[in-house]
Amino acid sequence: MSTSYLASALVASALFATAASAGAATDSELAEIREQLRTLKDQYETRLRALENRLQAAEATAPAASTGVASSTPGASASAGIAAFNPAISLVLQGTYANFSQDPTRYTLAGFAKTPDLSPGRRGLGLGESELALSANVDDRFAGNLIVSLTPENTVSVEEAYGFMPSLPYGLVPKFGRFFSAIGYQNEQHQHGWDFVDAPLVYQAFLGGQFTHDGLQLKWVAPTDQFLEFGAEVGNGDNFPGSARNRNGVGAGSVFVHTGGDIGTDHSWRAGLSYLQTRADARAGTQLDTMGNLADVAFTGKSRTAIADFVWKYAPNGNTGERNFKVQGEYFWHRERGDLTYDASGALGLMQAGGYAANRNGWYLQGAWQFMPYWRAGARYDQLNPGRREFGTNTDLLDIGAFHPDRYTVMFDYTPSEFTRFRLQYARSMTRPDVTDHQLFLQYILTLGAHGAHKF
Amino acid sequence: MIPRLLFLPLIALACIGTPAWAMLNVFATTPEWGALVTELGGDKVNVYIATNALQDPHHVEAKPSLVARARNADLMVATGAELEIGWVPLVIQQAGNPKLRPGQPGYFEATAFVPMLGKPARLDRSEGDVHPLGDPHIQTDPRNIARVAGPLSAKLAELDATNAAFYQSRYKTFDERWRAAMVRWEQQVAPLRDVPVVVQHKGFTYLMAWTGMKEVAALEPKPAVEPTVAYLSEVLATLQRQPARMVIRGAYQSDRPSRWIAERAKINPVVLPFTVGGDSEARDLFSLFDDTIARLLKGAQ
Chain A
45 MSTSYLASAL VASALFATAA SAGAATDSEL AEIREQLRTL KDQYETRLRA LENRLQAAEA
105 TAPAASTGVA SSTPGASASA GIAAFNPAIS LVLQGTYANF SQDPTRYTLA GFAKTPDLSP
165 GRRGLGLGES ELALSANVDD RFAGNLIVSL TPENTVSVEE AYGFMPSLPY GLVPKFGRFF
225 SAIGYQNEQH QHGWDFVDAP LVYQAFLGGQ FTHDGLQLKW VAPTDQFLEF GAEVGNGDNF
285 PGSARNRNGV GAGSVFVHTG GDIGTDHSWR AGLSYLQTRA DARAGTQLDT MGNLADVAFT
345 GKSRTAIADF VWKYAPNGNT GERNFKVQGE YFWHRERGDL TYDASGALGL MQAGGYAANR
405 NGWYLQGAWQ FMPYWRAGAR YDQLNPGRRE FGTNTDLLDI GAFHPDRYTV MFDYTPSEFT
465 RFRLQYARSM TRPDVTDHQL FLQYILTLGA HGAHKF
Chain B
20 MIPRLLFLPL IALACIGTPA WAMLNVFATT PEWGALVTEL GGDKVNVYIA TNALQDPHHV
80 EAKPSLVARA RNADLMVATG AELEIGWVPL VIQQAGNPKL RPGQPGYFEA TAFVPMLGKP
140 ARLDRSEGDV HPLGDPHIQT DPRNIARVAG PLSAKLAELD ATNAAFYQSR YKTFDERWRA
200 AMVRWEQQVA PLRDVPVVVQ HKGFTYLMAW TGMKEVAALE PKPAVEPTVA YLSEVLATLQ
260 RQPARMVIRG AYQSDRPSRW IAERAKINPV VLPFTVGGDS EARDLFSLFD DTIARLLKGA
320 Q
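So the sequence lines, in the order shown, correspond to chains A and B.
The opening position of the first sequence corresponds to residue 45 in this note's numbering, with each subsequent residue numbered one higher.
The opening position of the second sequence corresponds to residue 20 in this note's numbering, with each subsequent residue numbered one higher.
So here's chain A without its partners, still in its complex pose:
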């Protein structure tokens, strides 16, 4: 009773207030309305003028058409039909000829667990990964992207399959699904965009070649003139250095920050810091033991990786077509704590579990110089440092000293069009003690279909 009385009193007072203000439609308010009308009129005049211009433009087309130059009316009409909403499709075709002085099936990084994908490739002529990419807007909020890799072994793998929201304001860019983590610099790039045929040793040793999340990513770009981007990711952590764990919750998390900008017209750069944490449950790998056996090992525990990366690009006047220079480098710190089972499969009959602690690091530095249009030369140096490791009860079996795997690489490539690249690469790879592998690659990369993005 009292509430309804209160409500009607409120309505009455509101009505009174409105009536009072309407009654007080003073000269100043009339002037405001007039001003608004005038602005409106001005806007329409501007639009009319624009229409007139378009009309003139359309008229100007007629003589152009008669001179035989193909032309169109302004505002190309959107194509219709059932295929109009098909996603953009692009394809990458690759192949290599490889020559290795050492047997590539015996390739290992001494002192570092070997992941299943770790191989320099096959000898002789071989097909590389063929990549199929589809992308389109889903609706007014979401967009989607699928990148499938068709391997030369006739298997299909989903490299990336994610949705993202380009519609969010305030510099927020969320992504969800399977995607290459934005840690480091090269991790987010597809292999056909790299400056060398193969991944740096730090990526092979610490991220299994390239780290992929099945999960969520949120990036935020700060509203500053200097580029500053923060990001965080969570994922299931199934991929190396983690492993599938059959548990609820999150298996891997990462955070990163990137900054960058231009110096004058000639230089641009980006630098970043990233941190990745994963958990492994009986992560299988192989490792050379002190007796020279390639033993199966299984790791259970926590892996932490920190990466500092930078890239610097130089082009006189910013004109990359003529000459340009690019330097990129990344430093990895890798820390693992947990248990390591030696001879996990029991093949040697020596299965034994022991504590495990490792602090390792590694880095690479590479440069590519486009000395004339279409031609580039590049060099890279890679190094892994065994750092400090403790094997607990397995000390006698696995402690293989302080060997530093390293590699020197040089490459030449020719890019006759934006869509074709041929590359010659030579590497002197020393990833096992007293063994030097001379690796020679000849590679082609063809890009077809929708125009790709020019990533920095």
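Please keep in mind that the hints were generated in silico from the structure rather than gathered at the bench.
The reader is advised that the hints may include incorrect statements.
[Said to hold, decoys possible] Pairs of lysine-lysine, DSSO-like flavour, derived with a Cα cap of 30 Å:
{"id": "1", "chain 1": "B", "residue 1": "LYS233", "chain 2": "A", "residue 2": "LYS370"}
{"id": "2", "chain 1": "A", "residue 1": "LYS263", "chain 2": "A", "residue 2": "LYS346"}
{"id": "3", "chain 1": "B", "residue 1": "LYS285", "chain 2": "B", "residue 2": "LYS241"}
{"id": "4", "chain 1": "B", "residue 1": "LYS63", "chain 2": "B", "residue 2": "LYS233"}
{"id": "5", "chain 1": "A", "residue 1": "LYS263", "chain 2": "A", "residue 2": "LYS499"}
{"id": "6", "chain 1": "B", "residue 1": "LYS138", "chain 2": "B", "residue 2": "LYS241"}
{"id": "7", "chain 1": "A", "residue 1": "LYS499", "chain 2": "B", "residue 2": "LYS138"}
{"id": "8", "chain 1": "B", "residue 1": "LYS241", "chain 2": "B", "residue 2": "LYS317"}
{"id": "9", "chain 1": "B", "residue 1": "LYS138", "chain 2": "B", "residue 2": "LYS63"}
{"id": "10", "chain 1": "B", "residue 1": "LYS241", "chain 2": "B", "residue 2": "LYS191"}
{"id": "11", "chain 1": "B", "residue 1": "LYS118", "chain 2": "A", "residue 2": "LYS499"}
{"id": "12", "chain 1": "B", "residue 1": "LYS138", "chain 2": "B", "residue 2": "LYS233"}
{"id": "13", "chain 1": "B", "residue 1": "LYS241", "chain 2": "A", "residue 2": "LYS499"}
{"id": "14", "chain 1": "A", "residue 1": "LYS263", "chain 2": "A", "residue 2": "LYS370"}
{"id": "15", "chain 1": "B", "residue 1": "LYS138", "chain 2": "A", "residue 2": "LYS263"}
Starting from the known structure of chain A, arrange chain B on it as the hints suggest.
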């Protein structure tokens, strides 16, 4: 150690980054649209120009500096017709600024207001780096600048309604000055009608259409395909049958092919600024055409 490292740049940047709140932030992809926004917006707009005249606007990467500027922009003024297809979509996506997405009020494409020329008869990459919607280098015809100016002014007024009258009056002044200048330029280019020329890159379609010059040959066998000596020799043979007065290239293009042909065919090599800032004379849109015409007239002698 790492958390502290993360915060250091943050603190440093908080001191530098002071966004201009009151002004309309415009991200122009190329110098000509940056110059046009300045003509139309005056001190009410804050213009960032993503490329310079010595860069090929097609071959630009989504650099960190571009992403940062797109983050705060209220309006992106692009050429369109796939000129910036390699980087503008990526920049907008990475910046997390949905105002600039195509179809939104904050995205303006100049080629939408211009009759497109040079549409390829055959749409295939075997024809080189073809632009399916036509030659995107529309800024070489002053009539196109006039066509874009009206809608661009209306766009500024739409996004910044409080200054609508200001933009309207700036446009009126600019349009009058531009039309007067066009009358002068059209008189100046009259002697260029039917003058045979060679172009290095097929990027002067609109200049040819406006001046009436005749494009006898292009030094690139196909758009953005490197000319070989064998192909240049063919062009040379064509020129012996059908002489040209000059060979034209844009300031951002390599001088080798046009120098090669100029020496052998005994014709004048002419470097055009192509856009604002392409040389020291082309400081704004007016001087861009003054300088372009002066160079063409000199080359035609």
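Consistency of the hints with the structure:
no.: 1; hint: B:LYS233 - A:LYS370; verdict: 41 Å, violated
no.: 2; hint: A:LYS263 - A:LYS346; verdict: 25 Å, holds
no.: 3; hint: B:LYS285 - B:LYS241; verdict: 24 Å, holds
no.: 4; hint: B:LYS63 - B:LYS233; verdict: 42 Å, violated
no.: 5; hint: A:LYS263 - A:LYS499; verdict: 17 Å, holds
no.: 6; hint: B:LYS138 - B:LYS241; verdict: 14 Å, holds
no.: 7; hint: A:LYS499 - B:LYS138; verdict: 28 Å, holds
no.: 8; hint: B:LYS241 - B:LYS317; verdict: 28 Å, holds
no.: 9; hint: B:LYS138 - B:LYS63; verdict: 37 Å, violated
no.: 10; hint: B:LYS241 - B:LYS191; verdict: 41 Å, violated
no.: 11; hint: B:LYS118 - A:LYS499; verdict: 22 Å, holds
no.: 12; hint: B:LYS138 - B:LYS233; verdict: 18 Å, holds
no.: 13; hint: B:LYS241 - A:LYS499; verdict: 25 Å, holds
no.: 14; hint: A:LYS263 - A:LYS370; verdict: 26 Å, holds
no.: 15; hint: B:LYS138 - A:LYS263; verdict: 39 Å, violated
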